[in-house]
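337 is the number that the working numbering gives to position 340 of the sequence shown; each next residue is one higher, with no gaps.
The set of hints was computed from the structure by calculation and includes no laboratory data. Predicted model, so just to flag it, every value in this text is computed and none were measured. Heads up, a few of these hints could be off.
What the hints assert, rightly or not - Capping the alpha-carbon separation at 20 Å, the derived lysine-lysine pairs in PhoX-like fashion look like this:
| hint | residue 1 | residue 2 |
| --- | --- | --- |
| 1 | 270 | 334 |
| 2 | 265 | 319 |
| 3 | 270 | 325 |
| 4 | 158 | 99 |
| 5 | 322 | 334 |
| 6 | 255 | 280 |
| 7 | 433 | 465 |
| 8 | 265 | 280 |
| 9 | 255 | -1 |
| 10 | 322 | 265 |
| 11 | 109 | 68 |
| 12 | 56 | 68 |
| 13 | 466 | 433 |
| 14 | 270 | 322 |
| 15 | 280 | 322 |
| 16 | 223 | 265 |
| 17 | 255 | 265 |
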Amino acid sequence: MKLSGLLERLNYKCIQGSVDTEVTAVVYDSRGVQEGSLFICIRGAVVDGHKFVPDVIAKGAKTIVVEEPVKAPDNVTIVLVEDTRYAMAFISAAYFGYPAEKLTTIGITGTKGKTTTTYMVKSILENAGHKVGLIGTIETIIGERVIPSANTTPESYIIQKYFREMVEAGCDSVVMEVSSQGLMLHRTQGFVFDFGIFTNIEPDHIGPNEHRDFEHYLSCKAMLLKQCRVGIVNRDDSHYEQVTDGHTCALESYGFSKEADLRAEDAKLIGGKGYLGISYHVKGLMDFPVEIDIPGKFSIYNSLTAIAICRHFQVSEENIIKALKVAKVKGRIEMIKVSDEFTLMIDYAHNAMALESLLTTLREYDPHRLVCLFGCGGNRSRLRRFEMGEVSGNLADLTIITSDNPRNEEPQAIIDDIKTGIAKTKGEYVEIIDRKEAIAYAIHHGEPGDIIILAGKGHEDYQEICGKKYPMDERVLIAEILQADLSGDM
-2 MKLSGLLERL NYKCIQGSVD TEVTAVVYDS RGVQEGSLFI CIRGAVVDGH
48 KFVPDVIAKG AKTIVVEEPV KAPDNVTIVL VEDTRYAMAF ISAAYFGYPA
98 EKLTTIGITG TKGKTTTTYM VKSILENAGH KVGLIGTIET IIGERVIPSA
148 NTTPESYIIQ KYFREMVEAG CDSVVMEVSS QGLMLHRTQG FVFDFGIFTN
198 IEPDHIGPNE HRDFEHYLSC KAMLLKQCRV GIVNRDDSHY EQVTDGHTCA
248 LESYGFSKEA DLRAEDAKLI GGKGYLGISY HVKGLMDFPV EIDIPGKFSI
298 YNSLTAIAIC RHFQVSEENI IKALKVAKVK GRIEMIKVSD EFTLMIDYAH
348 NAMALESLLT TLREYDPHRL VCLFGCGGNR SRLRRFEMGE VSGNLADLTI
398 ITSDNPRNEE PQAIIDDIKT GIAKTKGEYV EIIDRKEAIA YAIHHGEPGD
448 IIILAGKGHE DYQEICGKKY PMDERVLIAE ILQADLSGDM
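I would like the entire structure built from these sequences, with the hints used as guidance.
In structure tokens:
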């Protein structure tokens, strides 16, 4: 492919060589360079790609895209752009044949709700006959292929590669989580989303290598409403005006507010043997009842968001109701049936804000006891441990402190930090380092009417100890515990 074709939607300056150069591959990792490659110099938090120019030229790169002039032999073409990450998005889109133009693209951003909402959208649209690709925190789904995720929003090259594979797999739509980091680093440039959704925003991801302050975090989230054709925004969020300021899309809203275009009314908590849920009535742009087997007010927001999106696909009310009833997300308030007497669930809540939101939601169901099992990751902020301990001590009737991903720390040292937070409260706790033993304790000591939450691991199927990941899936652990009970081994 000619270089000129890859640059056709970019502002650039060719400062050496010719745009008639043939390009065999687009590469942003120097280890993948081959003869005839175009290499994009990306400035990372740790490494600057400009430093690898001599190395990639030696490996056969014939085109270099840079933010600053570099020295290179005369037979190497040098293209100067203002921002190489931005340029990479457009170059990648061109390289893969602009696949987003063959898909209906849905991007969802927000502090909470992205993951669950993407799966709800996928469930509704597929129930209505669409074939939907998904890119998110847990995994990327392309037809029957499932690829574990490293980032919530991959690099732009990977996104375009996935889009191309989705088109080839027969997908007509894609729903993806769009992180603030992804927006800030231009990973979702190179195309325009058909639908851009803003769920909510709370202080998060603020610090080194993330966002310098809340205002910057918010401004990055708001970028999505300048990169989509239709924006769908949570009208109840207190930052609604700031987020929508300067939007370039057609705008719709959802929420409980009377000002919302699509509203939830008459919300009610529901429950049965071993499960919790919620029901409400959709009003405004649509009018029908909804019942979902996922608890909490945020489940209303997530499902209402999905409805607001799928309305544009002319999905029938019947299909929406049916799909929402069976929509499930691995590790997001995932209920595991172990008894008719009490409810057990798995959730990814792994910081104080998420744990507080989760436990507060479950408190609304008036359990006999609220039991919270969790640990904290090693080689991470100790403050998180103190905070999570205090939250669980205040909101749970019993906390079971155990191990999460200790990494290179001693599990007991992490548990001791969590206990420091609990000590600020009157909460009761037990400590059991081995996570399987801790889960077994929770199950065997479950009382009628209890809600037991296994927090922190969620969708993860491993435990990281001393730099190595060992298989550990809580669903498997629960099944093994129940099987051992049946066989009398425990």
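Cross-check of the supplied hints:
Note on residue 270 and residue 334: the hinted pairing holds, with a Cα-Cα distance of about 9 Å set against a maximum of 20 Å. Between residue 265 and residue 319 the CA atoms are separated by roughly 19 Å; this keeps the pair inside 20 Å, and the hint holds. A hinted pair counts as satisfied when its Cα atoms are at most 20 Å apart, and residue 270 with residue 325 qualifies at roughly 18 Å. Taking the CA atoms of residue 158 and residue 99, the gap is near 13 Å; set against the 20 Å cutoff, the hint holds.
Taking the CA atoms of residue 322 and residue 334, the gap is near 17 Å; set against the 20 Å cutoff, the hint holds. In summary, the hint linking residue 255 to residue 280 is supported, as the alpha carbons are separated by about 10 Å, within the 20 Å threshold. With a C-alpha separation of about 18 Å, the suggested pair residue 433 and residue 465 falls inside the 20 Å cut-off, and the hint holds. Restraint check for residue 265 and residue 280: the C-alpha separation of about 15 Å stays at or below 20 Å, so the hint holds.
For the given pair, residue 255 sits about 54 Å from residue -1 by alpha-carbon distance, which is inconsistent with the 20 Å threshold. Straight-line distance between C-alpha atoms of residue 322 and residue 265 comes to about 15 Å, which keeps the hinted pair within the 20 Å bound. Distance restraint check for residue 109 and residue 68: the Cα-Cα separation of roughly 46 Å exceeds the 20 Å cut-off, and the hinted pair is therefore not satisfied. For the suggested pair residue 56 and residue 68, the alpha carbons sit about 16 Å apart, so the restraint of at most 20 Å is met.
Simply put, residue 466 and residue 433 have alpha-carbon atoms about 16 Å apart, close enough for the 20 Å limit, and the pair holds. Distance restraint check for residue 270 and residue 322: the Cα-Cα separation of roughly 16 Å lies within the 20 Å cut-off, and the hinted pair is therefore satisfied. With a CA separation close to 18 Å, the supplied pair residue 280 and residue 322 stays within the 20 Å bound. For the hint linking residue 223 to residue 265, the alpha-carbon distance of about 36 Å lies beyond 20 Å, and the restraint is violated.
For the proposed pair residue 255 and residue 265, the alpha carbon gap of about 18 Å is at most 20 Å, so the pair holds.
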